[in-house]
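K.L.:
Each chain, letter by letter, is given below.
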Amino acid sequence: MIMQTRKKKRNDPVPPLGRLFALLTFLFIIVLVGGDGNLRAQSPASGKAHIVLSTVSANYREGLMQLAQEYERLHPGVSVTVQIQPVNGYETWLRTQIESKSDAAPDIYNINYTNGYYERGLLVNLTPFISAQNPYTGKPWRDNLDAQFLEKYKSGGDVATIPLDFIEVAFFYNKGLFARLGLQPPHTWEEMLATAQKVKAAGYIPFAVPGDTDSYWSGAVGWIFRFFTDAYMRDAVPQVMARPGDWDYDPRKNADFHLNGNDPYNDATVVVNPERLLLAVRDRQFRMDSPRFREAYRKIAEFAQYWQPGFNGTSANSAYQLFLTQKAAMMINTSTTIATLARDMDDLYPQDRFDWDLFPIPPMTQSAFHIPPFRGVGGAGVVFGIVKKSDEQTQRTVDFLMYLTTPHATQTLVAQAVRARQPINGPMLIPGAQLPEQMARRFSAFEHRGFEKLSFRGLADEQESVWKWTVWAQRYLDGRISVDDCLAHYQQVMEEAVPRVARQMNYDLDPRTKDPPKP
Amino acid sequence: MILAALWRHRASYLFLLPTFLFLAVFNYLPALSGLYHAFTEWETGGTAHWIGLDNFRQMAGDEFLRLSIVNQVILLIANLIKTLVVPLIVAEMLFHLRSKRLQYALRTTLLIPMVVPGMVGVLLWGFIYDPNIGLLNNALTALGLKGLTRAWLGDWHTALPAVIGVGFPWISGLALLIYLAGLIAIPQDVLDSCAVDGASGWKRIWNVDLPLLRGQMRLLAALTIIGTLQDFGSLLVLTGGGPGLATHVPALHMYYEAFRFGHYGYASAIGFVLFLTILAFTVANMRFARSAVELG
Numbered sequence: 017m018i019m020q021t022r023k024k025k026r027n028d029p030v031p032p033l034g035r036l037f038a039l040l041t042f043l044f045i046i047v048l049v050g051g052d053g054n055l056r057a058q059s060p061a062s063g064k065a066h067i068v069l070s071t072v073s074a075n076y077r078e079g080l081m082q083l084a085q086e087y088e089r090l091h092p093g094v095s096v097t098v099q100i101q102p103v104n105g106y107e108t109w110l111r112t113q114i115e116s117k118s119d120a121a122p123d124i125y126n127i128n129y130t131n132g133y134y135e136r137g138l139l140v141n142l143t144p145f146i147s148a149q150n151p152y153t154g155k156p157w158r159d160n161l162d163a164q165f166l167e168k169y170k171s172g173g174d175v176a177t178i179p180l181d182f183i184e185v186a187f188f189y190n191k192g193l194f195a196r197l198g199l200q201p202p203h204t205w206e207e208m209l210a211t212a213q214k215v216k217a218a219g220y221i222p223f224a225v226p227g228d229t230d231s232y233w234s235g236a237v238g239w240i241f242r243f244f245t246d247a248y249m250r251d252a253v254p255q256v257m258a259r260p261g262d263w264d265y266d267p268r269k270n271a272d273f274h275l276n277g278n279d280p281y282n283d284a285t286v287v288v289n290p291e292r293l294l295l296a297v298r299d300r301q302f303r304m305d306s307p308r309f310r311e312a313y314r315k316i317a318e319f320a321q322y323w324q325p326g327f328n329g330t331s332a333n334s335a336y337q338l339f340l341t342q343k344a345a346m347m348i349n350t351s352t353t354i355a356t357l358a359r360d361m362d363d364l365y366p367q368d369r370f371d372w373d374l375f376p377i378p379p380m381t382q383s384a385f386h387i388p389p390f391r392g393v394g395g396a397g398v399v400f401g402i403v404k405k406s407d408e409q410t411q412r413t414v415d416f417l418m419y420l421t422t423p424h425a426t427q428t429l430v431a432q433a434v435r436a437r438q439p440i441n442g443p444m445l446i447p448g449a450q451l452p453e454q455m456a457r458r459f460s461a462f463e464h465r466g467f468e469k470l471s472f473r474g475l476a477d478e479q480e481s482v483w484k485w486t487v488w489a490q491r492y493l494d495g496r497i498s499v500d501d502c503l504a505h506y507q508q509v510m511e512e513a514v515p516r517v518a519r520q521m522n523y524d525l526d527p528r529t530k531d532p533p534k535p
Numbered sequence: 675m676i677l678a679a680l681w682r683h684r685a686s687y688l689f690l691l692p693t694f695l696f697l698a699v700f701n702y703l704p705a706l707s708g709l710y711h712a713f714t715e716w717e718t719g720g721t722a723h724w725i726g727l728d729n730f731r732q733m734a735g736d737e738f739l740r741l742s743i744v745n746q747v748i749l750l751i752a753n754l755i756k757t758l759v760v761p762l763i764v765a766e767m768l769f770h771l772r773s774k775r776l777q778y779a780l781r782t783t784l785l786i787p788m789v790v791p792g793m794v795g796v797l798l799w800g801f802i803y804d805p806n807i808g809l810l811n812n813a814l815t816a817l818g819l820k821g822l823t824r825a826w827l828g829d830w831h832t833a834l835p836a837v838i839g840v841g842f843p844w845i846s847g848l849a850l851l852i853y854l855a856g857l858i859a860i861p862q863d864v865l866d867s868c869a870v871d872g873a874s875g876w877k878r879i880w881n882v883d884l885p886l887l888r889g890q891m892r893l894l895a896a897l898t899i900i901g902t903l904q905d906f907g908s909l910l911v912l913t914g915g916g917p918g919l920a921t922h923v924p925a926l927h928m929y930y931e932a933f934r935f936g937h938y939g940y941a942s943a944i945g946f947v948l949f950l951t952i953l954a955f956t957v958a959n960m961r962f963a964r965s966a967v968e969l970g
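Going down the list, the sequences are from chains A and B.
If you're matching positions, the first sequence starts at 17 in the working numbering and goes up one per residue.
If you're matching positions, the second sequence starts at 675 in the working numbering and goes up one per residue.
Hints listed in this document are in silico derivations from the structure and should not be mistaken for laboratory results.
Any given hint could turn out to be false.
Derived DSS-like pairs (lysine-lysine); straight-line CA-CA distance at most 27 Å [to be verified]: (1) B:K774 - A:K214; (2) A:K343 - B:K774; (3) A:K530 - A:K155; (4) A:K191 - A:K269; (5) B:K877 - A:K216; (6) A:K405 - A:K469; (7) A:K530 - A:K405; (8) A:K530 - A:K269; (9) A:K117 - A:K469.
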C-alpha cells in the first residue's frame with residue numbers, strides 16, 4: 017500500500033506543493049497585471065461608454081462623486097469613474113499612462129502635474145468648444161469660465177485647461193497676540209517689517225516661513241520670489257507681449273494696452289508671446305543681474321531676517337506648527353490652509369486656541385524704482401484637461417467637463433466639502449457657489465489682487481532651471497554668497513535654460529510663426 | 675537527454691521560474707535598457723536618439739554633479755566607519771558576555787529594529803532634527819544648551835554631518851549578525867591557544883579576532899559601498915540635496931535628471947557610471963567573500 021502511494025506520487029505530473037506554488041504565482045501575476053491600485057468611486061458598467069476622472073483633490077471627493085452619479089442619471093448610456101489618487105506618485109502614474117497611450121489613462125485629470133503635455137500633442141485642444149453652448153447652462157461655455165485664468169493657462173494660444181478654483185497666498189496672523197502687543201495688520205510692506213520688528217522685540221518669531229528645498233522649489237520661498245519679481249518686472253510686459261505679425265497677436269487684447277501699475281488686472285488678458293520672452297532672456301534684454309533684481313533680492317533678504325532662525329531647514333509642516341503653537345506671530349500660507357487651521361484650532365485645548373485672521377501681501381512704498389502693489393502668485397487648484405483619445409470619447413468627455421463647470425456643480429463641490437469638513441482650495445472660478453460667511457470673508461484677503469504675469473524663479477517653470485535657481489537662492493539667503501554672486505549664477509542658469517525650454521515646447525524662437533504641438 | 679532531465683525535474687524548475695522571470699523583467703531588462711539609453715538623448719515623451727558619448731561629455735562638465743561627488747565620498751567614508759566599527763564593538767561585547775541568556779536577550783533587542791522599514795527611521799530622524807519642534811533642539815534647550823541649537827539639516831555647516839548622524843548609535847543589525855557569526859566561527863582550539871599564550875582582552879581582539887574577521891569586514895565594506903552609492907531616497911526625504919548642494923549626491927542627481935527634469939538619457943548615463951562603479955565593488959565583493967570562507 018505504501019509502495020503504491022509512493023509510486024502514485026512520483027507519477028503525479030506536479031506535486032501538490034508545486035501546484036499550490038504555481039497557483040499562488042498565477043494569482044500573484046493576475047493581481048500584478050490586473051490591479052491598478054486606484055481608489056475607484058464607481059466601477060465601470062459593462063456595455064456603457066466610460067469616462068474616467070482622475071484627481072488628487074480628495075477634498076472634493078464627495079462632490080465629484082455626487083456629480084458623477086447625477087451625470088450618469090442624465091446619460092444612462094455613460095458610466096463615470098472618479099479616481100481619487102494620492103498626490104505622491106500621481107505625476108509618475110500620469111506620465112506612464114498618458115505617454116504610453118494606455119487604456120488605463122484617465123479622460124480628465126489635474127493637468128498641472130504634466131507641464132507641456134498639450135505641446136506634445138497629448139491633450140485635447142478645447143478652443144473650439146469654449147464658444148460652443150454648454151447644454152447644462154444654455155449659454156456659451158466660456159460664459160461660466162474665468163477669462164483671466166483661461167488666458168493665464170493658454171498654451172500656444174489654445175485653451176487646453178479648465179480651472180475650477182484657485183489657490184492664493186496671503187499672510188495669516190495671530191490676532192490675539194497682535195492685540196496684546198498693540199499691533200494692527202499692516203497696510204504697507206514697510207509697516208509689516210516694522211510690525212515684525214516689534215514682534216521680535218517682544219520675544220516672538222515674527223514670521224514662520226518654511227525654507228527647505230521643497231519650499232524654494234514649489235512652496236513659500238518660491239512664492240515670495242515670484243510676487244517680488246512680478247512686481248519688479250511689471251513694466252517689462254510690453255517688451256514681450258505679442259505684437260502685430262506675431263502668431264498669437266490678438267488686437268482686442270494687446271492693441272490698446274497701456275501699462276497701469278495701479279490696476280492689478282491691467283495686463284490680465286494681455287497675450288505674452290512666449291518666444292519673445294525666451295528671446296528677451298537669450299538676448300539679455302531681461303537680465304537677472306540687473307539693478308531691479310538686485311533690489312528685489314536684497315528686499316527679500318531683509319524680509320528673511322524676520323523669519324524663524326534656521327528657516328532653510330524648516331519644512332512646511334514645521335513652520336505651520338510654529339504658528340499653531342503661537343511661537344510665530346505670522347505665517348505666509350495658502351487659501352487651503354484656512355480650513356485646515358480652523359479644524360486644527362478646534363482640536364486644540366481651549367486654553368491653547370487663539371483668534372487669527374489674514375491680511376493680503378501689503379504693497380511696498382519705498383524703492384529706487386516705481387514698484388506696483390504685489391499681486392497673487394497662486395494658481396488654479398483644480399485645473400482639468402482632457403486626454404486626447406478618439407473623437408467620440410473627446411465629445412463625451414467635453415460634455416461631462418461642461419457639466420462639471422456649471423454653477424450647480426460648483427455649489428455641489430463646495431457644499432459637499434463643507435459638509436465633510438474638507439478644505440476648499442480657495443475662491444471658486446465658476447460662479448454660483450455660496451460659501452459659508454466666515455469662509456467667504458477670509459477668502460477676501462486672497463481676492464481682487466490680480467495675478468502674476470512675469471515672475472521669475474527659474475525660467476517658465478522649466479524644472480531644471482527652477483532647481484538650479486533653488487540652489488543659488490538657498491545659498492544666498494543662507495548668507496553664503498552675495499547678491500551679486502547669486503544673480504550672476506542665476507543669469508547663467510536662465511541663459512542655459514532657453515534652448516531647453518524651446519526644445520521642450522517645440523518653439524522655433526520665431527515669434528511670427530506658430531509652432532505646432534509635437535505630433 | 676537534457677530535455678528529458680528538464681521534464682523529470684519540471685516541478686523544481688517551476689519553482690525557479692517566477693524568480694528568474696521577475697529578475698529578468700524588473701532587474702535585467704531595465705538595466706540593459708538603461709545601458710542603451712545612456713548613449714541616447716531621451717527626453718520625456720520623446721524618442722531616444724543615439725548621441726554616442728555626448729552624455730558622458732556633459733557629465734564631465736556638470737558642476738553640480740562634480741560637487742555631489744565630494745559629498746558622496748564623505749558620506750561613503752562615514753558610512754564605512756559606521757558600519758565597520760560600531761557593530762564590531764557591540765559584537766565583541768556581546769560575544770564576551772558570560773551569561774548566554776543575557777547575550778541572547780541583548781542580541782534580540784539589538785536586532786528587533788531591523789523589522790522597521792528604513793524609511794520610517796529616516797522620517798523619524800527628520801523629526802528629531804527639526805529646528806523648531808525637533809527632539810534634538812528641545813533636548814539641548816532643556817539641558818541649558820540653547821546656544822547649540824540650530825537647523826541641523828538646514829545649516830550648510832551641519833547638514834551633511836546631520837545626515838551622517840542618522841541612525842545613531844549606528845548598530846546595524848545585519849553587520850552585527852555577520853560579525854557575531856564570524857566570532858562564533860572562530861575555532862575553539864584557536865581560542866584555547868590564545869589563552870595558553872596569555873593573550874586576552876585587547877590582545878586577543880587585535881591579534882586573533884580582527885585578522886579572522888577580515889573577510890566579514892571586506893564583505894560589509896563592499897555592501898556598504900554599494901548601498902551608499904545607490905541610496906538617494908533618504909537624502910531626498912531629509913534634505914532634497916540641500917541646503918544649496920550641501921547634501922547632494924550623484925544618485926540624487928540621477929533621480930532629479932530623470933524624474934524631475936525628464937532627461938532620461940542623461941540620467942541613464944549617470945546611472946551607467948554608477949553601475950560600473952558598483953559593479954567593480956560587487957566583483958571585488960565576490961572575491962572577498964571567497965576569502966572570508968577560507969578564513970572562516
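K.L.:
Is the hinted pair K191 (chain A) and K269 (chain A) satisfied, with a Cα-Cα distance of at most 27 Å?
P.N.:
Given that 27 Å is the threshold and the Cα spacing comes to 42 Å, the pair is violated.
K.L.:
Check the hint pairing K117 (chain A) with K469 (chain A) against an upper bound of 27 Å on the C-alpha distance.
P.N.:
This hinted pair is violated, its Cα atoms lying about 34 Å apart.
K.L.:
Within a Cα-Cα threshold of 27 Å, do K530 (chain A) and K269 (chain A) meet the stated pairing?
P.N.:
OK: K530 (chain A) and K269 (chain A) at ~18 Å, within 27 Å.
K.L.:
Is K877 (chain B) within 27 Å of K216 (chain A), Cα to Cα?
P.N.:
Outside the cut-off at roughly 60 Å; violated.
K.L.:
K530 (chain A) and K405 (chain A) were given as a pair; does the straight-line alpha-carbon distance stay at or below 27 Å?
P.N.:
24 Å, holds
K.L.:
Compare the distance between the alpha carbons of K343 (chain A) and K774 (chain B) with 27 Å, and conclude whether the hinted pair is satisfied.
P.N.:
52 Å, violated
K.L.:
Keeping to a limit of 27 Å between CA atoms, is the pair of K405 (chain A) and K469 (chain A) held or broken?
P.N.:
32 Å, violated
K.L.:
Does K214 (chain A) lie within 27 Å of K774 (chain B) when you go C-alpha to C-alpha?
P.N.:
Violated: K774 (chain B) and K214 (chain A) sit about 64 Å apart, past 27 Å.
K.L.:
With a cut-off of 27 Å on the C-alpha distance, tell me whether K530 (chain A) and K155 (chain A) pass.
P.N.:
31 Å, violated
When held up to the earlier numbered hints, the structure conflicts with 1, 2, 3, 4, 5, 6 and 9 and fits the remainder.
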